[in-house]
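Enquirer: In case you want the letters, here they are:
Protein chains: 2
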Amino acid sequence: MTELEKIKYKPVSVREVLTEMKNLSELMIDLAYSSALFNNVELAREVMELEKHMDTLSYLLNINAMIAARDAEDAERLVGISKVANATDKISDAAADIANLVLLGIGIHPLVSKAFQKMEERLVKVMVSPDSEIKNKRIEELDLAARIGVDIIAIRRGNKWIIDPKEEEMICEDDVIFARGASKGVKKFKRMAERRSRKV
Amino acid sequence: MTELEKIKYKPVSVREVLTEMKNLSELMIDLAYSSALFNNVELAREVMELEKHMDTLSYLLNINAMIAARDAEDAERLVGISKVANATDKISDAAADIANLVLLGIGIHPLVSKAFQKMEERLVKVMVSPDSEIKNKRIEELDLAARIGVDIIAIRRGNKWIIDPKEEEMICEDDVIFARGASKGVKKFKRMAERRSRKV
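Top to bottom, those sequences are chains A and B.
Add 1276 to the 1-based position in the first sequence for our numbering, that's all there is to it.
Add 1276 to the 1-based position in the second sequence for our numbering, that's all there is to it.
Some hints could be false.
No copy labels: a pair is met if it fits in one copy or bridges any two.
[Stated by the list, open to error] Distance condition first, Cα-Cα at most 30 Å in a straight line; then the derived DSS-like pairs of lysine-lysine:
#, residue 1, residue 2
1, 1460, 1411
2, 1460, 1401
3, 1413, 1464
4, 1286, 1463
5, 1328, 1411
6, 1401, 1359
7, 1366, 1411
8, 1464, 1359
Note that these hints are calculated values from the structure, not bench results.
This one's a predicted model, so the numbers in the text were calculated from it and none came from an experiment.
Modelling step: build the complete structure from the supplied sequences, incorporating the hints.
Expert: Now the structure itself:
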């Protein structure tokens, strides 16, 4: 069991919380596999933190769904939402389980990383070189998702972690970037981060 | 609880089973969200079938992992594998939960589909038109993953479902294709399936 964040009840949009939970659960799976693949204990810790946040979201959603239910019809609809929310919560638990293996130091067995081979083509960890073409650019400028189908899921900048960075985040020299995407895209992204290319 | 497939013990490669479980769990999540998004009961049923298969894989993996453990060191390694396998199993449970909502007829609430909006950009359902450029082509010929970052996750051909089709599968007229990928890629794929384009 993870500890819950300290929370107070607040009225929230059930839909927005559900969207956040769904997106967060997917992000957590990719981060958890990344932590296992690159044997990164810090990233595993970030996953455990997100898991706490997920529990908070789940709590907020369930409370607000109950308050929103005024009659049987409402309640029927809201049960569906709460079920989907629980499913995303279960996915995030699975992510935390994988991250926990890394924290326990048992997630790096060659057999496991072999099984992750296909995953390896989808996930990449790369350091931004001094003459990289992506240095000092905002994520929105790079437009990676549309151009090469790659998403940046986390950045380590010195001791600081930026999980699921915003579009306006600037990429800096020496940033360690964790990204996901189709295999061709992530290979291309690795090249972009590591050296200047003449043609983009 | 889903019923287990009838299984006999057989020696299998723990690594191969783990790889299959990991890939299957991801496929199931996408299929489950697709079934909810397109309110497709048949697809939801396919997810429930895959869940049974997942339980079988989990059983085979655990038995084979136990047999493989001859000493403490072996056992320690194998615990890690079995934990990752359990995590993929949990993910597939969550997928089955979502599919089950569709089977119960409560997965289609507008609030939920709004929350899936971002997902909608990643998942697509499209029917292959008579003059489509992808008709009568094998999946490997189309090379969708490398060219536009799109994966075909299921095909409905008349009453038959082909889940996670192989590379040599031929695309036919009137096939209903479920695919996943980056938003730009899936839009492009939709155009390719629906009409002939002059330029690929």
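Enquirer: Work down the list of hints and note, for each, if the structure agrees.
Expert: Quick rundown of the hints versus the structure:
1. 1460 to 1411: both (21 Å within a copy, 25 Å between copies)
2. 1460 to 1401: Answer is both: 15 Å inside a copy and 24 Å across each meet the 30 Å cutoff.
3. 1413 to 1464: For residue 1413 and residue 1464, both the intra-copy (17 Å) and inter-copy (27 Å) Cα distances are at most 30 Å.
4. 1286 to 1463: neither (44 Å within a copy, 38 Å between copies)
5. 1328 to 1411: Answer is neither: 33 Å inside a copy and 48 Å across each miss the 30 Å cutoff.
6. 1401 to 1359: between (34 Å within a copy, 24 Å between copies)
7. 1366 to 1411: The answer is neither: 37 Å in one copy and 39 Å across copies each exceed 30 Å.
8. 1464 to 1359: Result: close neither inside a copy nor across copies, 39 Å intra and 33 Å inter.
Of the numbered hints listed earlier, those contradicted by the structure are 4, 5, 7 and 8.
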